[in-house]
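First to last, the sequence lines map onto chains F and P. Residue numbering for the first sequence follows the numbering used here, starting at 1 and increasing by one per position. Residue numbering for the second sequence follows the numbering used here, starting at 1001 and increasing by one per position.
The set of hints was computed from the structure by calculation and includes no laboratory data. Quick caveat, the model's predicted, so the values are computed rather than measured. C-beta: ideal position from N, C-alpha, C; glycine also. Treat the hints with care, since some could be wrong.
[What the hints assert, rightly or not] Here are the computed distance ranges between Cβ atoms for each label pair: (1) D149(F) - R1121(P): 26 to 32 angstroms; (2) D12(F) - A1088(P): 55 to 61 angstroms; (3) H145(F) - E1119(P): 28 to 34 angstroms; (4) A228(F) - A1068(P): 28 to 34 angstroms; (5) G135(F) - G1235(P): 30 to 36 angstroms; (6) G1138(P) - D140(F): 19 to 25 angstroms; (7) P1182(P) - A113(F): 56 to 62 angstroms; (8) S1173(P) - R217(F): 44 to 50 angstroms; (9) I13(F) - E1249(P): 30 to 36 angstroms; (10) R232(F) - R1233(P): 32 to 38 angstroms; (11) R158(F) - G1091(P): 37 to 43 angstroms; (12) A202(F) - G1235(P): 54 to 60 angstroms; (13) D12(F) - D1174(P): 21 to 27 angstroms.
[Stated by the list, open to error] Beyond 10 angstroms from chain F on every Cβ pair, some chain P residues (computed): (14) P1126; (15) D1149; (16) R1226.
[To be verified] In silico EDC-like links for lysine to aspartate or glutamate, alpha-carbon gap of 20 angstroms or less: (17) K1252(P) - E249(F); (18) K1252(P) - D248(F); (19) K252(F) - D1248(P); (20) K252(F) - D1047(P).
Protein chains: 2
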Amino acid sequence: MRELMKVLPGEDIIYLGDSARVPYGTKSPQTIQRFAAEDATFLLQFDPKLLVVACNTASAAAIDTLEAMCPVPIIDMIRPGAAAACEACEGLIGVIGTEATITSGAYVRAIHACDPNREVRCAPCPLLVPIVEEGRAGDDPIVTHVLCDYLHDMQRLRPEAMILGCTHYPLLSDAIAKLMGPDFMLVNSGQSAAAKAATLLARGNDTNPRPTGGTLRCFTTDNPQRFATLGRRFGADKITSVDYVGTDELEKPFETLT
Amino acid sequence: MRELMKVLPGEDIIYLGDSARVPYGTKSPQTIQRFAAEDATFLLQFDPKLLVVACNTASAAAIDTLEAMCPVPIIDMIRPGAAAACEACEGLIGVIGTEATITSGAYVRAIHACDPNREVRCAPCPLLVPIVEEGRAGDDPIVTHVLCDYLHDMQRLRPEAMILGCTHYPLLSDAIAKLMGPDFMLVNSGQSAAAKAATLLARGNDTNPRPTGGTLRCFTTDNPQRFATLGRRFGADKITSVDYVGTDELEKPFETLT
């Protein structure tokens, strides 16, 4: 959302955070697909120009489900991140993500779709999401310790680029960059996806002509106050309107559609 | 469940694990209450003798909701753990738990209901649940590091007893005991709750007369295979039958009841 607002400041955005059922990254593909379809159905009632799946786990597990059901273009996190990494370097690409994202193999497939012979190494980092949600800073000794543990092999393999394959990880990018050393590139999949959204709208002459002034409306399935506090940690200062929508309400329209 | 099977080996148990929506410990009281009510409604269709809320967070946030709706006795985790700690020592009691459990103040209230002047210190430990679910052992250096961080004040205050106020924490009890040193007692709230369940059944002459042979039937809202694997880590070797029940199904009967 933050990256979208940077490149498309004139667009109105409706954001749904399924806080009551997060994290998705430790759940099975079937459950993630069902939740993602419910989330998408909720957002489609606002008649958007396009739908951004702003979660690597949902992108990895549910993109086929979502593309089959959505009448509008979908921007996922995986393919833009994979393409950006392939463009950024010629050598080994590293990927870090949630357990579900890495297990799905989605990044390896997306990188090989761009460059079939590219070497890829992946590392699941299950504790990073709860660490970011707890509010620990990048220089917290526990963050350093956990990152060293997860990135041990990556430090040895020295990929030329590494994809931050989870929307929480950019909050730890300085700490990750420090551990990985110089001559190394971090790819923020959220940034790549936002750039792709901007390109897609421009190509269809569908970009809002006003240069700024896009509005932001947020929904959360848990406590709106908590959502706003956590959102600000992600740099989304513009969060002013947050409404509650229950997961029971999310499950209703989906049932009528299927 | 493991503690229940130890003290009541002749009883049939129906277990529901809401794996699709865990962890509850980072969510708001309102969401936890709704989920807990749905979980209870599902279990009540099996016509149990009693209902055990085998989660400290759900006990802390939703016990009033559950007691108002349940026609059978309810065993929560908080009051038995608090009573056991008050009986076990005369001095300061420490409590560790999830963010939601500690924020609710439920343990302080339950301890003061037993002993109004008892000193209590609480510490939320948000990373311990994901650490246990990741499968890290008690002697993993990251576990030691995180425990030292959370228990820093407790080590200084030296409580006589400390309540493990989350059903995940007994898997780290050796590591916690090692950090806290000698002359110190750990109270396993699950064990205390199981003892209370046994007492309650005995008092009502409702204990199953067979000495062993109780059956176990499990339901999970996410992947049954993953549930069985994780369950075995908690020492529940008896997990053989695990069925899937969707959270959409859980939300239906609750709606018809209210």
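Results for each hint:
1. D149(F) - R1121(P): 26 to 32 angstroms: Once the Cβ atoms are compared, 30 angstroms apart, the range 26 to 32 angstroms for R1121(P) and D149(F) holds.
2. D12(F) - A1088(P): 55 to 61 angstroms: 59 angstroms, holds
3. H145(F) - E1119(P): 28 to 34 angstroms: Holds: the Cβ-Cβ distance is about 33 angstroms, inside 28 to 34 angstroms.
4. A228(F) - A1068(P): 28 to 34 angstroms: 31 angstroms, holds
5. G135(F) - G1235(P): 30 to 36 angstroms: 33 angstroms, holds
6. G1138(P) - D140(F): 19 to 25 angstroms: 22 angstroms, holds
7. P1182(P) - A113(F): 56 to 62 angstroms: Given about 60 angstroms between the Cβ atoms, the range holds.
8. S1173(P) - R217(F): 44 to 50 angstroms: 46 angstroms, holds
9. I13(F) - E1249(P): 30 to 36 angstroms: 33 angstroms, holds
10. R232(F) - R1233(P): 32 to 38 angstroms: 36 angstroms, holds
11. R158(F) - G1091(P): 37 to 43 angstroms: 54 angstroms, violated
12. A202(F) - G1235(P): 54 to 60 angstroms: 58 angstroms, holds
13. D12(F) - D1174(P): 21 to 27 angstroms: 54 angstroms, violated
14. P1126: 5 angstroms, violated
15. D1149: 6 angstroms, violated
16. R1226: 6 angstroms, violated
17. K1252(P) - E249(F): 11 angstroms, holds
18. K1252(P) - D248(F): 9 angstroms, holds
19. K252(F) - D1248(P): 9 angstroms, holds
20. K252(F) - D1047(P): 28 angstroms, violated
Hint compliance for this structure: hints 11, 13, 14, 15, 16 and 20 are broken, all remaining hints hold.
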